[in-house]
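Student: Please assemble the complex out of the two chains, which come individually in their own frames, going by the hints.
The listed protein sequences derive, respectively, from chains C and Z.
First residue of the first sequence? That's 0 in numbering that gives the first Met the number 0, and the numbers climb one at a time after it.
First residue of the second sequence? That's 0 in numbering that gives the first Met the number 0, and the numbers climb one at a time after it.
By construction, these hints were calculated from the structure, which means they are not laboratory data.
Idealized CB from N, CA, C, for every residue including glycine.
One thing to keep in mind: the hints can contain errors.
[As the list claims (entries may be wrong)] EDC-like cross-link-like pairs, simulated, lysine to aspartate or glutamate; straight-line CA separation at most 20 Å: (1) Lys163/C - Asp37/Z; (2) Lys154/C - Asp47/Z; (3) Lys163/C - Asp47/Z; (4) Lys39/Z - Glu10/C.
[To be verified] Derived DEER-like restraints, expressed as beta-carbon distance ranges: (5) Arg81/Z - Gly73/C: 49 to 57 Å; (6) Glu6/Z - Arg313/C: 56 to 64 Å; (7) Asp73/Z - Ala357/C: 26 to 34 Å; (8) Thr29/Z - Arg167/C: 26 to 34 Å.
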Amino acid sequence: MGLFDRFASVEQAHTEVKARVDDPFGVRMDRMLSPTEAIIGNRPTILVGTNNYLGLTFDPACIEAAHKALDAYGTGTTGSRIANGSYAPHRELEHELADFYGRRHCMVFTTGYQANLGVISTLAGPQDYLLIDADSHASIYDACRLGTATVVRFKHNDAEDLDKRLRRLADEPGNKVIVTEGIYSMLGDQAPLKEMAEVKRKHGAWMVLDEAHSMGVLGQTGRGLAEEQGVEADMDFIVGTFSKSLGAVGGFCASDHPQFDLMRIVCRPYMFTASLPPSVIASVTEALRQLRKRPELRTQLWDNVATLYDGFQRHGFALGPQKGPVVAIKLPSPDLAVGFWRALLDQGVYVNLALPPATPQGTALLRCSVCAAHSRAQLDKVVAITAEIGRELGVIGQELRAAG
Amino acid sequence: MGLMEREDVAVFEQVVALLEPFRKAEGAITRETDISQDLKLDSLAVMDLMMELEETFDVTIPLNLVAEIRTVGDLAEAIRRR
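Chain Z extracted, bound-state conformation (with noise of 0.2 Å):
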């Protein structure tokens, strides 16, 4: 695994992490566990889990990009881009 693949792995883990206390359904969750059909979070809930991942890792992640954000693995992604 390179450096990046690496660090991807290590944010997706941290990502899963911090949704099992807002997950509301069973199942484990994957890259591609629908945030809203899948985790049953609304998006409120998801907003307030953006404000806790910019806590964890330090980051802005924008409102504007909450429409954008369907899965746990585009989740990861928006927070490894910034």
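If we strip away everything but chain C, and leave its shape as in the complex, we get (with noise of 0.2 Å):
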């Protein structure tokens, strides 16, 4: 038996998958020219899978910010925190969004995959029990399997079945842990936390939430979807990603638990892991605060959003059930979602193309992520080239051609 042996099927999906297309998990950008575009392979292209939501990854603020920081720490940390010591910067910024979560404390991670890995495997021990959504992303599952914890998934979104389960649970003694996500990374649908903080309260259960995709985008002032659910008080521990919205890299859980300092030291893809470079940090800084002083990028987002939302349904795509800055499109198939994605790149247009098992019901996805910093001309030409794909490829519009 060799090595990679037990990976047989997927290498085979991926040599099929790149027998007819370049390798689509491989597409390399050769210039950014913006937020919103890129050269790849000599041509300009429209950027439309990055959730760079905010468009601050070239906000001039930004990276004067990181620059300094490069100047004035040196270019990484060298270690971890713990063994090797904080940087001032890295305290501002947990500071910085423990005020703006209006939470006592908060932890920085190094990406925000660790940040699930580490707060989850680490709150809920051996005799507790771990609630997941069914369609959690990889690093809620991997935490699970950090962890030692007994695991129980509950139905996508839906706080009867989360109801059920803890029911069931009601004689253990251990505690209960609910993980949920404000916005779901594929569909962008998101969960409907109000009913579940209901169901968390009457179960006595803790709840962590992901907001990594909801995070400047929604709430009256972009703390994320439990702002938005006015149900904040519910969501003992938050956490979130620099990687979206705020435009580099990292991780973070805020919460207001007298014991949440105690993390830095038994938390171990905290403390084994080499902290973020200064310069990351200083541009996630400026970014928080371009965040809360420039309300207007959530609502120019909200506006692009519709925009191409709006666009592909008059076309008559089968899209995800809510709107939001995820935007997907839903395909028969997945060597259609493979064809239709080339097809779009050739016409310079980038988008993810999310195949299963990474999708929800095993559904194929051309996933759409939107941008403060799209212009209306952009996005309109998105949708007008995927739309005249759609139809080459008999996608949408098939009553028209059956009239025809």
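Tutor: So, in structure tokens, the structure goes:
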């Protein structure tokens, strides 16, 4: 048995895709022209698959902050917070994030993935229960494997099902920790947090909310879905990322729990990895300030969401259930999705190709993410090109063709 | 057949009935049937199947057990022990 034999089916699927088009998971942005445009294979390409929701990656203030930190603190911290010490900017960012969320504590992680991995695997111990949404992000599933708790899945975004599962565990003595996401990354749908918070209170459970895709996007001040639905008090731990609205890389967790800081000396994905470079911390800190003082970025984002979502819908594409910065076009087969994706790239539009098993219910998706910095002209062009290819491939306009 | 055995058979039969719609390969399902090899169910499908079974039997089957469950017999046993 070879070392990689157990990946045979993945390898085969990947080979089949590559035989038809250039590797869709190996796209190279040769040059970045702006947050929404890159040169890919000599062609200027509109980027509609970046998660760069507020378009802050080229914000002059963020870039200047990063430059200054680079000069003042050097290229990297060369070690972990716990072994090699914290730099002042790391603590400052933690304070600003705690202030933004109105919480007493905040910890910064090196990636969003590690924030989930660390927080979830540490909070629930051997006698405890983790209740996770069936469509949870890989980082949540991996946290379950790293941790020692008993793991129970509930049906996606189904508060009633969560209630049922907690009821079955009612006589078990351990803590119950519910994990959910604000906006789900593939279809862009939002959790019914109000209902889930009710269930949580009823069973005396704890709740971890991952606002990765909703931070800076939802809520009066951009804190996310919990703010939008008015249930922040029920969210015991807020996890988030710097790699979406804040335009860099990293993750965090904010909480009011009085013993929260204990995590710094027991949470392995925090302790045993190098901390973020000071320049990244600086650009993130500035991006958070921009997020707070420029609500118009959010307004612009939602205007753009409407343009793209309504545009696709007008042409008859099957979309995710809810309007949001993630706009997913559902296609009937992976084969069709691969061809569609390639045709879009050939015409200068980059979206994400999402195939099973990374997608819910085995759907094949063209996953688009909207940016506040997209111009109306860019989005109109994306809709027009997508509709044209959709018609050519018979994805939309069937009835017209039948009539003709 | 004692009560335990009758219970065991009843659970097994229900598991087989629930496996039918998930089944992609041909052939009768026995206790020795390997869920991934013979029924061609991937790990995601197995997890979804477990959710169905939790519903049917009103039990909790932790995700942690998925790695240990290889055959249909293992699956029935996991439910019976709950």
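Student: All the hints need checking, so say for each whether the structure fits it.
Tutor: Hint by hint, here is what the structure shows:
Taking the CA atoms of Lys163/C and Asp37/Z, the gap is about 32 Å. The hint is violated against a cut of 20 Å. About 9 Å separates the Cα atoms of Lys154/C and Asp47/Z, which keeps this hinted pair within 20 Å; it holds. Between Lys163/C and Asp47/Z the CA atoms are separated by roughly 16 Å; this keeps the pair inside 20 Å, and the hint holds. Restraint check for Lys39/Z and Glu10/C: satisfied, since their Cα atoms lie roughly 17 Å apart, inside the 20 Å limit.
Checked against the hint of 49 to 57 Å, the C-beta distance between Arg81/Z and Gly73/C comes to roughly 56 Å, which is consistent with it. At roughly 57 Å, the beta-carbon separation of Glu6/Z and Arg313/C lies within the given 56 to 64 Å, and the hint holds. In this structure the supplied range 26 to 34 Å holds for Asp73/Z paired with Ala357/C, their Cβ-Cβ distance being about 27 Å. Our hint of 26 to 34 Å for Thr29/Z and Arg167/C holds, since their Cβ atoms are close to 29 Å apart.
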